[in-house]
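Number of protein chains: 2
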Amino acid sequence: MTLPQTPALATDCVVFDPLGRVLLIRRGHEPCAGKHALPGGFVKIGETVASACRREVKEETGIEVAKISLVGVYSDIDRDPRGHIVSVAFMTELTNETPPRVGSDARSAEWVDMGDIDLAFDPHAKAKLRIKDAR
Amino acid sequence: MTLPQTPALATDCVVFDPLGRVLLIRRGHEPCAGKHALPGGFVKIGETVASACRREVKEETGIEVAKISLVGVYSDIDRDPRGHIVSVAFMTELTNETPPRVGSDARSAEWVDMGDIDLAFDPHAKAKLRIKDAR
Chain R
1 MTLPQTPALA TDCVVFDPLG RVLLIRRGHE PCAGKHALPG GFVKIGETVA
51 SACRREVKEE TGIEVAKISL VGVYSDIDRD PRGHIVSVAF MTELTNETPP
101 RVGSDARSAE WVDMGDIDLA FDPHAKAKLR IKDAR
Chain E
136 MTLPQTPALA TDCVVFDPLG RVLLIRRGHE PCAGKHALPG GFVKIGETVA
186 SACRREVKEE TGIEVAKISL VGVYSDIDRD PRGHIVSVAF MTELTNETPP
236 RVGSDARSAE WVDMGDIDLA FDPHAKAKLR IKDAR
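Chains as they are written, first to last, in our numbering: chain R, 1 to 135; chain E, 136 to 270.
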């Protein structure tokens, strides 16, 4: 059976360290190359959304996350310039300070104070809200 | 830009009436024709997940829902025999007793007591859990 065409499905993770900083990457590719973003990416057919979330965090930052909690589902039509992409956002809090290492699709991966955040995708205020929701 | 192939995206709604009953349809088509299911369906490209949820409830049962709250995201690989379909579930509680009317894709639409529920899709226990999560 052919399934209908639906929006593309992605996932993001809001990872806090014990100091309350947020794990961000700088995007390596367009769109928004060089801008901060939450680690995340597209969900593959055959993996759960939670598995995709853990996989993307690991691939992009080297950090392994275990228990993740659902934050929200972001589906505004114009939130991503590539097309209609729905993102399922999760959050987790690490108990240890863990240095990230740069992985796939990222130019850098770093811990960033909440006040300094200016994210790729979604309107600016909404992306910040997404992180504040997660706390 | 071509977006990657990702799981198909659907939405379901757990609608409670003031008596605590749940709004269910009986499916008109295969798979699971004749079985109870939550009203819902596929998200269209160009609509938010919440809009899709309200549209599907209206189309299948004639009932208009306004404020809906996120319950969970269900993405197990084998939850739907048609392929990998991820469902975003919302819930709402109606303040008035409202008789449903049968609409598209449904054979019937009715208010059902929690104890009598045996749903299409997801393993049985999980689908019930989804409704209990919503309360």
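Some hints here could point you the wrong way.
[To be verified] Calculated cross-link-like contacts (lysine-lysine; reagent style DSSO-like; alpha-carbon spacing at most 27 Å):
1. R:35 / R:132
2. R:132 / E:193
3. R:67 / R:132
4. E:179 / E:202
5. R:67 / E:267
6. E:193 / R:44
7. R:58 / R:35
8. E:193 / E:179
9. E:267 / E:170
[To be verified] Far from chain E, by Cβ distances over 12 Å, these chain R residues were calculated:
10. 27
11. 28
12. 34
13. 35
14. 41
15. 44
16. 111
17. 112
18. 115
[To be verified] What follows is a set of in silico ranges between Cβ atoms, one per label pair, in the way DEER data are often shown:
19. R:116 / E:253: 48 to 54 Å
20. E:190 / R:113: 27 to 33 Å
21. R:97 / E:234: 26 to 32 Å
22. R:5 / E:268: 47 to 53 Å
23. R:67 / E:243: 36 to 42 Å
24. R:19 / E:166: 31 to 37 Å
25. R:108 / E:168: 51 to 57 Å
26. R:77 / E:231: 47 to 53 Å
27. E:268 / R:113: 31 to 37 Å
Just so you know, these hints were derived from the structure itself, not from any lab.
Ideal Cβ positions, reconstructed from N, Cα and C, are used throughout, including at glycine.
### Message
Could you work out which of the previously given hints the structure breaks and list their numbers from low to high?
### Response
Result: hints 2, 6, 14, 15, 20, 21, 22, 24 and 26 break, sorted rising.
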